[in-house]
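*Asks:* Spelled out from the first residue to the last, the chains are:
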Amino acid sequence: MNSVNPLVPQKVTLLEIAAETPEIKTLRVAGEGGAPFDFRPGQCAMLSLPPVGEALFSITSSPDCRDSLEFSIKEAGSVTRALHALSPGQELGLRGPYGNGFPVETLKGKDLLFIGGGIGLAPLRSLINYCLAHRAGYGHIDIVYGARSPADLIRRAEINKRWPAAPDTAVYLTVDAEFPEWSGHVGFVPSYVSELAFTPENRVAVTCGPPIMIKFVLKALEELKFTPDQVITTLEMRMKCGVGKCGRCNLGSKYVCKDGPVFTLAELKTLPAEY
Amino acid sequence: MIKSINKAGLDRLWERLAAAGPLYLPVKEGPAVLFRPWAEGAAAALDVTQATVSPKEIFFPRDETYLKFRREGEKLALAESGTPAGPAIAFGLRSCDLRAVELLDLVFRGQEPADALYGRRRENTMLVALACGQPDPSCFCGAFGINPADAPGADVMAWWDGDVLVMEARTARGEALFAAAGELLQESAAGSKPLAPATAEFGLPLEDLPERLKSRFYDPAWDRLYRGCLACGGCTYFCPTCHCFDVQDYGSQERGERFRCWDSCMFGRFTLMAGGHNPRPTQKERVRNRFLHKLQYFPENFGRFACVGCGRCLRSCPVNLDIVQAIRALGGETVEQR
Ligand code: SF4
Ligand code: SF4
Ligand code: FES
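So the sequences go chain by chain: E and V. Residue 0 is where the first sequence starts when you use numbering that gives the first Met the number 0, and the numbers rise one by one after that. Residue 0 is where the second sequence starts when you use numbering that gives the first Met the number 0, and the numbers rise one by one after that.
What the hints contain is simulated information worked out from the structure, not anything from laboratory work. Remember, predicted model here, so these are calculated numbers, not experimental data. Built from N, CA and C at the ideal position, the CB exists for glycine as well. There's no promise every hint is true.
Said to hold, decoys possible - Derived contacts from chain E toward chain V, CB cut-off under 10 angstroms, selection only:
1) Asn4
2) Pro49
3) Gly52
4) Leu91
5) Thr105
6) Pro210
7) Arg237
8) Gly243
9) Cys245
10) Arg247
11) Lys253
12) Lys268
13) Pro271
Using the sequences and the hints, build the whole thing.
*Replies:* Rendered as structure tokens:
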């Protein structure tokens, strides 16, 4: 159903729902012809489950995967709770894609440093898999990813096997505290980034995670001499329309749904810190 | 083309025009004057300076269902729904109302994707502007270069000449109104012109204001300005350029509908996120957002102030926290005191 009213969702079917962590599930959906639309890594879409409502999520699958779309969703409110309770076969509403997405063109030829925390890996994953699928276009890839505990790390198959095995790619995992089953690095993501001492030459850092993590990651990167235009992050706001009209997701004159969610630190510095 | 009609003939004109579709007119409803579809016996309050709630609700109703759903087990049926927006006439808009429509157009029609709900109504509605004879003491449209006697964008411009309503068709659509009214309208005596009343500008320091406000986001003036605000949302509800809305579902697991309704950036939950974080945690940030949206953000995006000086927020705020106060508090030196 294609509508001239951009608020009207189209119908998709839930193909698969998998628990990533106790709080996060990944939902895979498709329309009749597979992924219902083309998109760029970092873009979002609005999932709807009437009568509970709609909510905006970043698309975690890569645009190269055309048979379905994936969303990793953390339970936080009524819509996410209802989404978590679904079983495959359920039909849902979907509209999008929304937002600017990551600047895949300007990232070409650069070394990439991905820094994620918790559910924040979800938007990064779309870009990581995109870059790996177009490997020749991008330089060395480093992925620093952490969570509170080993059980809170998502996309385990990728972070443990697929990505470390990918060409010219390194993965650094960390958890906030000691756990008996964990033999890897222990410590917060920002300090791990400082410890690993990434150099800023020809490198762009892309970070996403809880606000407190982002705050300290930005500080760490600054200390490592990354300039504000070498740092990219994504923002989250409450959203209703997704198309810059309902008025609730603005940072100054920018609407996160339309002009974001991806901003360089240089851009963020020109906007009110209302996020 | 200029035609006219005597006041005494207006009821017949309303009846004729309303036959083809809704004819929105300012009518008294309790203590308020609202734009409502004319119905037999309704008295048009054309003498009232401004409708209490701005006529934006003709194009952007307070609430509007646009989707119906049915669920049966796994199956979900989604169907677009809503009131068909056929031809309509909005009669009696003031110059400030017209300017506000122009501004809402920028948001709803001027950027992709266009808003179909607003766009359909807007396209199918003829706009008849009525020159303002007596601005309210709270009006300051002059500050935004609005002429109460001339409303660009109107299909028909109307004005009073004593007891005669003179109408000038300015578009083909306006001429169609004349055709529909037929013999009810008389050829008009040449030379009648709307009298432009004196308008107020309140000496507001608007020059370069968007630019100057850029450096005042963290200004201590905000700490004083917001204090009285009750978060009632009245200002945004009455404002002709406010366009925030909410989207909600209504119904049971089996069937229901989705609607949008006016919302307000003055409400605490407006930006409250599902996880509990609120980027505008206190009324200060909300008040600041409302005024900066009108005076800085909208100008940055569209090159226009999102205020038309209608004075509705001056008249409706229970604690006199209005945009004039904000401009004075943040705009620098004032030229004169109101
Ligand atoms: S801000 Fe106040 S004066 Fe300006 S258009 Fe809105 S209600 Fe009217
Ligand atoms: S500024 Fe006045 S009208 Fe607006 S929400 Fe506050 S108290 Fe209500
Ligand atoms: S979600 Fe409506 S303006 Fe951004």
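*Asks:* Evaluate each hint against the coordinates.
*Replies:* Hints and how they fare:
1. Asn4: holds, 4 angstroms
2. Pro49: Proline 49(E) check passes; min Cβ-Cβ to chain V is 4 angstroms, inside 10 angstroms.
3. Gly52: holds, 5 angstroms
4. Leu91: holds, 7 angstroms
5. Thr105: Where the cut-off is 10 angstroms and the nearest Cβ of chain V is about 23 angstroms from threonine 105(E), the hint is violated.
6. Pro210: holds, 7 angstroms
7. Arg237: Hint holds; arginine 237(E) Cβ to chain V Cβ min 5 angstroms, cut 10 angstroms.
8. Gly243: Result: holds, 7 angstroms to nearest chain V Cβ.
9. Cys245: Because about 5 angstroms separates cysteine 245(E) from the closest Cβ in chain V, which is inside the 10 angstroms limit, the hint holds.
10. Arg247: holds, 6 angstroms
11. Lys253: At about 8 angstroms, which falls below the 10 angstroms cut-off, the nearest Cβ of chain V leaves the hint on lysine 253(E) intact, so it holds.
12. Lys268: Hint on lysine 268(E): violated, closest Cβ of chain V at ~13 angstroms, above 10 angstroms.
13. Pro271: Since chain V brings a Cβ to about 5 angstroms from proline 271(E), closer than 10 angstroms, the hint holds.
Checked against the numbered hints listed earlier, the structure breaks hints 5 and 12; every other hint is satisfied.
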